[in-house]
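Given these sequences and hints, build the entire structure.
Here the sequence shown stands for residues 1 to 332, where the numbers follow full-length UniProt numbering.
These aren't lab readings, by the way, just hints derived from the structure by calculation.
A few of these clues could be false.
With a cut-off of at most 30 Å between alpha-carbon atoms, the simulated BS3-like pairs for lysine-lysine come out as follows [as the list claims (entries may be wrong)]:
#1 36 to 112
#2 228 to 218
#3 112 to 185
Just so we're clear, the structure is a prediction, and the values are computed from it rather than from any experiment.
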Amino acid sequence: CVNMFAMYQTLIAQSTTVLSCVDLVVADGERKSFVKVDMSIPCQDGTHKMSTAGLLFAIGYGFGIPSAFIFGYQFMNGRLGRPAQTRAMFMFLIGGYQDRFWWWQSLIMVRKLLLVLIVVFISNAELQTYCGMWTMGIALILQVVLAPNSQPNFNQVEALSLAIITVTLNFSLLYFWPQMTDASKNVLTVLLILATFGAIVLFAVYLYRPLRGMLGEKLALVKELQGKAAAALQEREENAAQKGQRVFRSDRAHRDVDRFDDDGDAEELLEVGALASPTRINLTAPAGAEAGVARRPQFRPVFEEVDREEDDAPYIPRREHRSLTAEQLSQL
Numbered sequence: 001c002v003n004m005f006a007m008y009q010t011l012i013a014q015s016t017t018v019l020s021c022v023d024l025v026v027a028d029g030e031r032k033s034f035v036k037v038d039m040s041i042p043c044q045d046g047t048h049k050m051s052t053a054g055l056l057f058a059i060g061y062g063f064g065i066p067s068a069f070i071f072g073y074q075f076m077n078g079r080l081g082r083p084a085q086t087r088a089m090f091m092f093l094i095g096g097y098q099d100r101f102w103w104w105q106s107l108i109m110v111r112k113l114l115l116v117l118i119v120v121f122i123s124n125a126e127l128q129t130y131c132g133m134w135t136m137g138i139a140l141i142l143q144v145v146l147a148p149n150s151q152p153n154f155n156q157v158e159a160l161s162l163a164i165i166t167v168t169l170n171f172s173l174l175y176f177w178p179q180m181t182d183a184s185k186n187v188l189t190v191l192l193i194l195a196t197f198g199a200i201v202l203f204a205v206y207l208y209r210p211l212r213g214m215l216g217e218k219l220a221l222v223k224e225l226q227g228k229a230a231a232a233l234q235e236r237e238e239n240a241a242q243k244g245q246r247v248f249r250s251d252r253a254h255r256d257v258d259r260f261d262d263d264g265d266a267e268e269l270l271e272v273g274a275l276a277s278p279t280r281i282n283l284t285a286p287a288g289a290e291a292g293v294a295r296r297p298q299f300r301p302v303f304e305e306v307d308r309e310e311d312d313a314p315y316i317p318r319r320e321h322r323s324l325t326a327e328q329l330s331q332l
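As structure tokens, then:
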């Protein structure tokens, strides 16, 4: 559906251009019509006799896509009773419009179809300008009166773009005035270019405002996250400098540590990182030393955190701890 919507105008233009004809003078007082994309094929030739049927199918496709959207939306939203799923499926068509103007995109597609048909099948430039001006004028009136967009800025941008197109087509009719001099045509061209450039500047202003607000919010969020991260890092560094590593004591380790203490002096405290599982104890060791692991399925010690300032037991710095050999760990 998204690809069909995106290529809608291109498909209509290509399909109708293939079927369009152009009149050429082949002799004095004699004109013949040829296919516009291939001048070797006369429009009255047998190879082009199905052009009318092809044109009808192309126009049917142009009106059929908007009609299919309206029918599908009403069927899913009304007959099936699935408004949430319907809105999610057709969001690329109804997004940005008020709920009561969910069909507005279909009207825009029909307007595009009319403009393509005007350009392809009307060869007279002046008549093309008139038809295009009338089409865009009607679209401008409907946009201003109904204001279908959900945001006022959207309505203003849409109305401004339609107004610029309508004014450009209106002033372009002056080129067909017989009394129009070349200097006047140049002045008119400059005025039309300035009007178009002014519209582009206004569009940029409308686009800059929401982008500036969005970027401001993102930058404020990034600064806030950076500040929180810096504060948390500083807090951890201060705690580490004041208290050092957290120390835990196990009664079982306190009783059994003298069994693998070589010099007979039982260590009062063992620094323990964390319990990987109920049956696994990870013992930390100084940097570069070997860390030991004890496995005792039947032994599940309970650790308590030691307050170094209030506990009477002497604190053994980390660098004085010895790593445990496999033989010593097996005795646990």
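Against the structure, the hints come out as follows:
For the given pair, residue 36 sits about 21 Å from residue 112 by alpha-carbon distance, which is consistent with the 30 Å threshold. At roughly 15 Å between alpha-carbon atoms, residue 228 and residue 218 fall within 30 Å of each other, so this suggested pair holds. For the hint pairing residue 112 with residue 185, the CA-to-CA distance comes to about 29 Å; that is within 30 Å, so the pair holds.
The structure is consistent with each of the numbered hints, conforming to all of them.
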